[in-house]
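Residue numbers (my numbering), protein chains in the order written: chain A, 1 to 203; chain B, 1001 to 1244.
Bear in mind the hints are in silico, worked out from the structure with no lab data behind them. Nothing here was measured: the structure is a model prediction, and the numbers come from that model. There may be inaccurate statements among the hints.
[Said to hold, decoys possible] In silico EDC-like pairs for lysine to aspartate or glutamate, Cα to Cα no more than 20 Å straight-line:
1. A:K93 - A:E164
2. B:K1217 - B:D1174
3. A:K190 - B:E1196
4. A:K195 - B:D1183
5. A:K96 - B:D1230
6. A:K111 - A:D186
7. B:K1044 - B:D1183
8. A:K52 - B:D1201
9. A:K132 - A:E164
10. A:K78 - B:E1236
11. A:K111 - A:D45
12. B:K1217 - A:E164
13. A:K96 - B:E1202
14. A:K78 - B:D1192
15. A:K78 - B:E1228
16. A:K195 - B:D1155
17. A:K93 - B:D1192
18. A:K93 - B:D1122
19. A:K111 - A:D122
20. A:K111 - B:E1228
21. A:K93 - B:E1236
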Amino acid sequence: MLNTQYMTRLLAGAACLVSVAAYAHPAEDLVKTTTQDVLTILKRDNKPGNEKLVRDQVTAKLLPYFDFTRMTALVVGKNWRSATPAQQASLTKEFKTLMIQTYSNVLTSTKVDNITVKPVQDPDTSTDVMVKTVVNRSGAAAIPVDYHMASNGSTWKVYDVIAEGRSIVTAQRSSYSQVVTQSGIDGLIKELASKNQQPQAKP
Amino acid sequence: MRRLLPVTLCCSFLLAGCATPENQGDPLEGLNRQVYRFNSAVDKAALKPLAQGYAAVVPRPARTGVHNFFNNIGDIFVSLNNLLQGHPDQTASDLGRIVINSTVGVVGLVDVASKVGLEKHDADFGQTLGKWGLGSGPYLVLPFFGSTTLRDSSDIVANIALYQHISPEASTRDKINPVRVLDARAQLLGVDSLLESSGPDEYAFVRSTYLQGRQNKIIGQVEPAPLEDDPGPTPEAPASEVTP
């Protein structure tokens, strides 16, 4: 009798613990599953000569969760509004290509052990959160990488990546501003397109 | 170093006024860009290939040992700066690291301290001066040393003084320093491919990431101010998602 009572309490306690542990912000869950999937791909397929396969798989995994239009708008800054929808679309396309190339180059050339996703501190109702992660590498210092994410009502998407306190959007913005000032939106599109067409440097 | 630091300090105060938001804290941009080009050329022609060779030839455990060795020497300044920044607990931990790693860890080759829970901290003179309220001064790109600011160049000066103190014979330093440079560059292999995403102006991209990183270390993570041009989250299935 005493034993069953004790067991019931223990079970109830365990159930509570499980439900507490299982709860996490939806953005946090998304980052957790996505980084896990990417790591699995890297660990399984990342071998010399296999770069393209890895790149395609990682890209397919990550693409749905990046808001490239918003990122491009933030990078271009005040000139974004004066750009035509067609210009905006081609800017976004070039920016997206650049980001995907870089990101997959970094991923395929870095030895990542595992990625820790920290609990999101923002309230559950918030539609704009920072998901903090730490990328642990073997034989090198760990890198904190934070994802600034927002919900558009149905999907959570990343609109800035902050590595060791450095925002990629802020850095890009500074890189683009001079070209936009000097040669306008069309000049920027041309510059980006030519950069993207360059043969990729071997990492 | 005792003589150099006040000089650096005075210069910083004098030049801090030159860094304005209009020139992104970079009044010497013209000169800096030239030095940046020089450094990139040196890196491409010599430093990066050498670091790649080093990473390919020397097995990982040996490279880790080398990295730990220099980290252990670096902990001397980490502990001092933690003290100057008012973190005596971290100073104690840093001193503990030096003692353990220099003895049990065989002159610093093995980072035993991290394994027993004394984690490596990050503190330097630039951070200390920043936390004391000193502005960064102008952004500088120094030949071979790369991105710094007038304030943060105090670390370069301090480290030269430290190594001069540790090994007074120039011949020993001539053997140590190349390995130190190789180790530092090899640490960046892989991560440096991020530069390919620098967009149209690599110099401005590097300057922004350097200054952001320093600011983050000195006043903590800065939430970027909401941008006035932010269109907000893109609604589902916008035009740009039709074809990649």
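Going through the hints against the structure:
no.: 1; hint: A:K93 - A:E164; in the structure: violated, 27 Å
no.: 2; hint: B:K1217 - B:D1174; in the structure: violated, 32 Å
no.: 3; hint: A:K190 - B:E1196; in the structure: holds, 17 Å
no.: 4; hint: A:K195 - B:D1183; in the structure: violated, 31 Å
no.: 5; hint: A:K96 - B:D1230; in the structure: holds, 18 Å
no.: 6; hint: A:K111 - A:D186; in the structure: violated, 38 Å
no.: 7; hint: B:K1044 - B:D1183; in the structure: holds, 16 Å
no.: 8; hint: A:K52 - B:D1201; in the structure: violated, 27 Å
no.: 9; hint: A:K132 - A:E164; in the structure: holds, 11 Å
no.: 10; hint: A:K78 - B:E1236; in the structure: violated, 23 Å
no.: 11; hint: A:K111 - A:D45; in the structure: holds, 13 Å
no.: 12; hint: B:K1217 - A:E164; in the structure: holds, 9 Å
no.: 13; hint: A:K96 - B:E1202; in the structure: holds, 18 Å
no.: 14; hint: A:K78 - B:D1192; in the structure: violated, 30 Å
no.: 15; hint: A:K78 - B:E1228; in the structure: holds, 8 Å
no.: 16; hint: A:K195 - B:D1155; in the structure: violated, 36 Å
no.: 17; hint: A:K93 - B:D1192; in the structure: violated, 24 Å
no.: 18; hint: A:K93 - B:D1122; in the structure: violated, 39 Å
no.: 19; hint: A:K111 - A:D122; in the structure: violated, 31 Å
no.: 20; hint: A:K111 - B:E1228; in the structure: violated, 38 Å
no.: 21; hint: A:K93 - B:E1236; in the structure: holds, 17 Å
Of the numbered hints listed earlier, those contradicted by the structure are 1, 2, 4, 6, 8, 10, 14, 16, 17, 18, 19 and 20.
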